[in-house]
Amino acid sequence: MTTGEKYVTAAYLVLLGAVLLYVALIAMKLSRIERELDELARLARERAGG
Amino acid sequence: MSTSLRNNGAVLLSLLAAALLVAGFALAFFWAPEAQDDPAFRIFYLHVPVALTAYACFGWGGWKALRLLWTRDERYDLESYVAIHMGVIFGLLALVTGSVWARYTWGVWWTWDERQLVLFLVLFLFYSAYFMLRFSTPAGPRRARTSAVYALFGVALIPVSFLAIRLAERYIHPVVLTRDPKIENEMLASFGVCLAGMLTLAGALYLVELAGKRADARLSELRELVA
Chain A
1 MTTGEKYVTA AYLVLLGAVL LYVALIAMKL SRIERELDEL ARLARERAGG
Chain B
1001 MSTSLRNNGA VLLSLLAAAL LVAGFALAFF WAPEAQDDPA FRIFYLHVPV ALTAYACFGW
1061 GGWKALRLLW TRDERYDLES YVAIHMGVIF GLLALVTGSV WARYTWGVWW TWDERQLVLF
1121 LVLFLFYSAY FMLRFSTPAG PRRARTSAVY ALFGVALIPV SFLAIRLAER YIHPVVLTRD
1181 PKIENEMLAS FGVCLAGMLT LAGALYLVEL AGKRADARLS ELRELVA
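Going down the list, the protein sequences come from chains A and B. Quick note on our numbering: the first sequence kicks off at 1 and runs consecutively. Quick note on our numbering: the second sequence kicks off at 1001 and runs consecutively.
No lab work stands behind these hints, which were simulated from the structure alone. Being a predicted model, the structure only gives us computed values, none of them experimental. There's no promise every hint is true.
[Claimed, not checked] Derived CB-CB ranges, DEER-like:
(1) LEU1225(B) <-> ARG35(A): 16 to 26 Å
(2) MET28(A) <-> ARG1142(B): 49 to 59 Å
(3) GLU39(A) <-> THR1071(B): 50 to 60 Å
(4) ILE26(A) <-> VAL1108(B): 30 to 40 Å
(5) GLY1107(B) <-> LEU40(A): 49 to 59 Å
(6) ILE26(A) <-> ASP1073(B): 34 to 44 Å
(7) LEU1016(B) <-> LEU40(A): 26 to 36 Å
(8) GLU1074(B) <-> THR9(A): 38 to 48 Å
(9) LEU43(A) <-> LEU1163(B): 18 to 28 Å
(10) ARG47(A) <-> LEU1066(B): 42 to 52 Å
(11) ILE26(A) <-> SER1128(B): 20 to 30 Å
(12) TRP1031(B) <-> LEU43(A): 51 to 61 Å
(13) ALA24(A) <-> SER1099(B): 16 to 26 Å
(14) LEU1219(B) <-> ALA24(A): 13 to 23 Å
We put the CB at the ideal spot given by N, CA and C, even for glycine.
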């Protein structure tokens, strides 16, 4: 691989890394929303039962 | 627009972005001719679409800010904020990919002598400061209006930053999309597909981010109702 090709690869890896980082952040956010929804559902069930 | 329609839009845009970007990069690497004088020229198919997408996101954020000021409808506040958020991400990517290209071609990661680089950095920092302004003010109509006015001021910097690349006296920063000498058709077509892919990717990320923020807001409402 020539030096020029190495720089091209590095630039494209920056984009790939950014997209993967974004996917990871969205996955973390989704799991937090899921946890909070579970908690709210539990509270709603308790309220309906009691 | 209903939530499911918006989410379907995000899915469709994501698939379209993946297809366009794979096709665009494949065209750029295997079909478009190599630039004889710059072995790292293929960064062009990434760097320029990313920078133009950043401009588009800032412009979209400005348009939503204008709609907010015009209609006083607060949903445009979130839309403007998310568009600027995307613009800052793409702006950072443009700076990083540009630096990688500059390091190979010019031998430096950054140069303060090039006004187009400095103007892009000013635009990026201006919109980065948008978040400081936004989060230093309590949520509400006042924050929405202040943020909208700030976002609109930034839009004025976009043509200055864009045109600086063409009007600058020193041409260290390359101007590839010109009529004389004319860019080769294969290069232009590959660039067009890459740009369409990058804009579609930004659109998909915008819808995903917007859906996440709206879900957060609804959760907060539910929490208050259940508490």
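Verification of the hints:
For LEU1225(B) and ARG35(A), the hinted distance range of 16 to 26 Å is satisfied, since their beta carbons lie about 18 Å from each other. Separated by about 31 Å at the C-beta atoms, MET28(A) and ARG1142(B) break the suggested range of 49 to 59 Å. Checked against the hint of 50 to 60 Å, the C-beta distance between GLU39(A) and THR1071(B) comes to roughly 36 Å, which is inconsistent with it. Roughly 35 Å separates the CB atoms of ILE26(A) and VAL1108(B), a value that falls within the hinted 30 to 40 Å.
Judged by the Cβ atoms, the range 49 to 59 Å given for GLY1107(B) and LEU40(A) holds: they are separated by roughly 57 Å. About 27 Å separates the C-beta atoms of ILE26(A) and ASP1073(B), a value inconsistent with the hinted range of 34 to 44 Å. For LEU1016(B) paired with LEU40(A), a C-beta distance near 35 Å keeps the hint of 26 to 36 Å intact. In this structure, GLU1074(B) and THR9(A) meet the distance hint of 38 to 48 Å, their C-beta atoms being roughly 45 Å apart.
The hinted range of 18 to 28 Å is not satisfied by LEU43(A) and LEU1163(B), whose Cβ atoms lie roughly 56 Å apart. Restraint check, ARG47(A) to LEU1066(B): a C-beta distance of roughly 44 Å satisfies the suggested window 42 to 52 Å. Against the hinted window of 20 to 30 Å, the Cβ-Cβ separation of ILE26(A) and SER1128(B) comes to about 21 Å, which satisfies the hint. The hint said 51 to 61 Å for the Cβ distance between TRP1031(B) and LEU43(A), and at roughly 58 Å that hint holds.
The hint said 16 to 26 Å for the Cβ distance between ALA24(A) and SER1099(B), and at roughly 24 Å that hint holds. Checked against the hint of 13 to 23 Å, the C-beta distance between LEU1219(B) and ALA24(A) comes to roughly 21 Å, which is consistent with it.
When the structure is compared with the earlier hints, violations turn up for hints 2, 3, 6, 9 and for no others.
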